[in-house]
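Trainee: Starting from the known structure of chain L, fit chain P onto it as the hints suggest.
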Amino acid sequence: MAYQKARRYDSRTTIFSPEGRLYQVEYAMEAISHAGTVLAVMSKEGIAMAAEKKVTGKLLDLSLAPGGEGMGGVGTEAWGGGGEKIFLLNNNILAGLAGITSDANSLVNFARNSAQRHLFTYDEDIPVEMLVQRLCDMKQGYTQFGGLRPFGVALLYMGWDPLHGFQLYQSDPSGNYSGWKATCIGSNHSAATSLLKQDYKDDLSLEDARQLCLKVMSKTMDSTKLGSEKLEFATMTLHPTTRQPLAKIYRPSELDELLRKYELGGTKDDQIGAGEGSGGGGGQEGGNISLST
Amino acid sequence: MECSFGLTGKDFVLLAADTSAGRSIIQMKDDENKIKALGPHIAMAYGGEAGDTNNFADFVDRNLRLYQIRNHTPLLPAAASAWIRRSLAESLRSRHPYSVNLMLAGFDITDSTSHLYWIDYLGTKAIVPYAAHGLGQYLALSTMDKWWTEGVDKREGIEILKKCVDEVGKRSTLKFKFNCILIDASGIHHINLDSSDPIAEMEQAGKAAEVINPNPPLDVGITA
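Chains L and P are the protein sequences, given in the same order.
For the first sequence, this note's numbering gives the first residue as 484, with consecutive numbering after it.
For the second sequence, this note's numbering gives the first residue as 972, with consecutive numbering after it.
So that you can see chain L by itself, here it is in the shape it has in the complex:
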C-alpha cells in the first residue's frame, strides 16, 4: 500500500506526497547508505578522515585514477586527491564523499570554483562553513526546482579557518548540514556512529583521532584486514612553523605503514592490487563500473 502511494509521487522530485514526504530526496539518501563508508574524527591538533574504496580489483589500472599512481601527498600535492573518495576542495578544506561518483565530481568542481572565487575577491581562504553553505544551497535547489534530480551525494568536510579553528561538517542530498566532533556517512553509518560515540573523548590527540578512525573503520567494513587498496586516509592539521592549514592525503605506502602500526592490517607492498576485491560492478547493475561509491 505504502509502495503504491510512493509510486504515484516519486517520479516528481519536487512534489510532496500526501504524507508530506519528498520521495526522491529520501531515495537519494537511501542510495548513500549503500555507498562506501566515510568517517572523520576531530581533535585539538587536527582532524583525521578515513574512506572505504569500493572500486578495487587487480585489473583496475590505478595509474588512470585521479591523482595517478602516486596519489596522495602533503599540501599542494594533495590536489591529486586520494583516488576515489577524498578530495582537496581548497588549501584549508578536505572532503570525503559518499554516493554517486559522477554527481560527486560535479559538486567537487563547483566547490573548488566557489573557493577560488572567494580567494579572488577577498584574498583569503574561504571559511569552512561558508563553502559548506555554498554547496548546500546548490543541493537544496535541486530538491525544489522542477524536472531535476537531487544530488545523490553526502559529504564530510574537514577544514580550518582563523575564526573558528578546526571544523568538521556533514551534508546530505536534502541540503541539510551540521557540525560534528566525530561522524560518519555511507554504509553502516549508524553502527559506526555508535562506536565513535563510545570511544570519543574531548581531549584526543591527533594520533588518537587517527587510530580511532581506523579502528572504527576496521570494525565497520566487511573485510577483516584493512589495506591501502580498500581505504583512503587523510588529515587536516596546522603546519608546525607557519601555523597555516596543512592537508595531507596519505599515499598507499604511508597508509599501510599506519595500519601495521595499529595492527589493523596493512598490505605488503608486493601484494597491492592482488586483494580479494570483486572488481566493482556493485551487483545489480552487472556492469564493470560501480555507479555508487
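Careful: at least some of the hints might be erroneous.
Derived CB-CB ranges, DEER-like [to be verified]:
hint, chain 1, residue 1, chain 2, residue 2, range
1, P, A992, L, D606, 30 to 40 Å
2, L, S546, P, D1029, 49 to 59 Å
3, L, S500, P, N1004, 54 to 64 Å
4, L, F628, P, R1064, 30 to 40 Å
5, P, T1095, L, H647, 30 to 40 Å
6, L, N592, P, A1097, 31 to 41 Å
These aren't lab readings, by the way, just hints derived from the structure by calculation.
Predicted model only: the values in this text are computed from it and were never measured.
We put the CB at the ideal spot given by N, CA and C, even for glycine.
Mentor: Then chain P, alone, in the frame of chain L:
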C-alpha cells in the same frame, strides 16, 4: 586640500583625518568627519572628490554590513582591504569611476595584530606600518620615518601623530583641525589630540569614547 594619517603599533592602530570641507580656496565646513567605522574593529579615513567620497564610503559600509549579516561574522581587515581595493579597481575601469583615496585600519582579533592599508583611487594597495594621504604625504612622512619604531606603544604612537600634525601646522599655509580614532582589541575609540594625555582621557571616558559602530555584532551565539 586634505590630510590624513595612519599609524600602527604593538596592539593598536591610529587613524587621523582633517575635518575641513570646501572647494578650491573656500572652506565651507570645519567639522566634517572623514573617518567611518566599518565594523567592530575596522575603520577607514577617506578623501578625494567631494560626493564620491561619501558615496563610496556608504557603499563600502553597507557591503561589509551585508557580509556580516550573511555570515554572522565581520570581514577580517585583510579580506576587507582586498575587497575595497578590488571595488576601486573595478570602478576605475567603469564609465564613472570613483575618485576616492583611503586608509583602512583594523585590528585582527583572530591573531591580535594591527593592520594598516594605504589605498588610492587607482586601486593601489600597500600594507604599511604608517602612512599619509594628501598634504601629509609631502610634509609629515619624514617625521614618521624618523620617530616610528617597531612595536611602539599607544602613548608613543600618539606622540608621533602629534608631531605630524604639528609639522603640517608649521609648514603649510592651511590650518587643519584633526579628528582621530584608535582601534585596539576592545574596539574603536575617539582620541582628543588636543589633550595633554589623550590615552588617559580615552581610558577615563570609557564607553563615552567608543565610536558608534554601524555594524554591532549580531547576537547569534557566535562570537567572532
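Trainee: Determine for every hint whether it applies to the structure shown.
Mentor: Checked hints:
1. A992/P to D606/L: 30 to 40 Å: holds, 33 Å
2. S546/L to D1029/P: 49 to 59 Å: Given a distance of about 57 Å, which is inside 49 to 59 Å, the answer is holds.
3. S500/L to N1004/P: 54 to 64 Å: holds, 60 Å
4. F628/L to R1064/P: 30 to 40 Å: At roughly 35 Å between Cβ atoms, R1064/P and F628/L fall inside 30 to 40 Å, so the hint holds.
5. T1095/P to H647/L: 30 to 40 Å: holds, 33 Å
6. N592/L to A1097/P: 31 to 41 Å: holds, 36 Å
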